[in-house]
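Take the sequences, apply the hints, and build the full model.
Spelled out, the chains give:
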Amino acid sequence: MKWGVVRFPGSLDDGDSLYAIAEVMGQDARMLWHKDESLGGVECVLLPGGFSYGDYLRTGAIARFSPIMKSVAKFAADGGLVLGICNGFQILCEAHLLPGALTRNRSLSFICERVWLRVENASTPFTRAAKQGELLRLPIKHGEGLYVAPEDELRQMEERGQVILRYVDAGGRESDDANPNGSMRAIAGVANERFNVFGLMPHPEHAVEPMLGGVDGLKIFQSIAGGAR
Amino acid sequence: MQVRVFVTPRKGILDPQGRAVESSLQSLGFKNVSGVKVGKYILLEVQARTASEARDEAKKMCEALLANPVIEDYRFEVDGE
Chain A
1 MKWGVVRFPG SLDDGDSLYA IAEVMGQDAR MLWHKDESLG GVECVLLPGG FSYGDYLRTG
61 AIARFSPIMK SVAKFAADGG LVLGICNGFQ ILCEAHLLPG ALTRNRSLSF ICERVWLRVE
121 NASTPFTRAA KQGELLRLPI KHGEGLYVAP EDELRQMEER GQVILRYVDA GGRESDDANP
181 NGSMRAIAGV ANERFNVFGL MPHPEHAVEP MLGGVDGLKI FQSIAGGAR
Chain B
230 MQVRVFVTPR KGILDPQGRA VESSLQSLGF KNVSGVKVGK YILLEVQART ASEARDEAKK
290 MCEALLANPV IEDYRFEVDG E
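Note that the protein sequences, when read in sequence, are chains A and B.
With my numbering, the residue at position 94 of the first sequence is 94, and numbering never jumps.
With my numbering, the residue at position 8 of the second sequence is 237, and numbering never jumps.
Bear in mind the hints are in silico, worked out from the structure with no lab data behind them.
A few of these clues could be false.
Estimated spans, in silico, between C-beta atoms of each pair [unchecked claim]: (1) B:250 x A:77: 35 to 43 Å; (2) A:176 x B:304: 28 to 36 Å; (3) A:209 x B:257: 43 to 51 Å; (4) B:269 x A:156: 24 to 32 Å; (5) A:96 x B:240: 19 to 27 Å; (6) A:79 x B:254: 47 to 55 Å; (7) A:31 x B:308: 28 to 36 Å; (8) B:309 x A:77: 39 to 47 Å; (9) A:77 x B:270: 31 to 39 Å.
Here a beta-carbon is modelled for each residue, glycine too, at the ideal position from N, C-alpha and C.
Shown next as structure tokens:
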């Protein structure tokens, strides 16, 4: 499968994402430049974490207007797979490719820790290598990860299965303590209605080798890569 | 023409900054304060012949970029109005 990782000014996890896909997964992956308009024929576009455009105005608000985002929007409209991690998730929300928005953590602090996540929908192209209800251990590192959407939209998203990942405790239960940033309904990752665009705050690319403290992130990359076989 | 844009967290959206500022003010003894919200104040110089033209432009800018309607409300003032 051919992957493209978009590098924006201020991207941070572009290199680690490329490493996870190319070195660990052994897939064909290339860096894409934010000023490019061509996606170079890739089959999955990854928008990485970081602080694109210094998080000016709102996280992801400026990156959304990068030349490449027009192509990403068209690619998504044609059914192409788009994965947004952390700042990539924020960009996808700002670009209206995903519902909702991400705002300042409830604690007002930047959070850097490992969390437990429950796979709420394992029948998507991004989660099919996981089991329904499986728990994943992934790192988070963000200041603005509180997921917000209007209540009626959240209800519809739940009904359609668009809530893909939720913050839980080690036993798989939801609780206020297990919700690191105060996200509505403890939402950590969502998909669009067509399930070809997925955004999540946790970092699967930072959990792909035992040396990094875990390999649960591979489940996401394997799900996507498996679909191309 | 100067346009002053005020962007604030939407009603019903958790505003942890506003809450932290409110509790700090109260702990300083300002017991009469409530409903604190922290937002943004954006100043723009807009080339326009009339205030109403500047107003139309400002509305478009707010909707396209300056505010995110999922989480923020906006209002603005135009010089000469």
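Cross-check of the supplied hints:
Between residue 250 of chain B and residue 77 of chain A the C-beta distance comes to about 42 Å, which sits within the given range of 35 to 43 Å. Between residue 176 of chain A and residue 304 of chain B, the C-beta spacing of about 34 Å keeps the proposed range 28 to 36 Å intact. In this structure the hint that residue 209 of chain A and residue 257 of chain B lie 43 to 51 Å apart at CB holds, the actual value being about 50 Å. Look at residue 269 of chain B against residue 156 of chain A: about 30 Å separates their beta carbons, and that is inside 24 to 32 Å.
Hint check: residue 96 of chain A to residue 240 of chain B, Cβ distance near 22 Å, so the stated range 19 to 27 Å holds. With their beta carbons about 51 Å apart, residue 79 of chain A and residue 254 of chain B fall inside the hinted range of 47 to 55 Å. A C-beta distance of roughly 46 Å is found between residue 31 of chain A and residue 308 of chain B, which places it outside the suggested range of 28 to 36 Å. Distance hint check: the CB atoms of residue 309 of chain B and residue 77 of chain A are about 43 Å apart, consistent with the given range 39 to 47 Å.
In this structure the hint that residue 77 of chain A and residue 270 of chain B lie 31 to 39 Å apart at CB holds, the actual value being about 36 Å.
The earlier numbered hint that this structure contradicts is number 7, and it is the only one.
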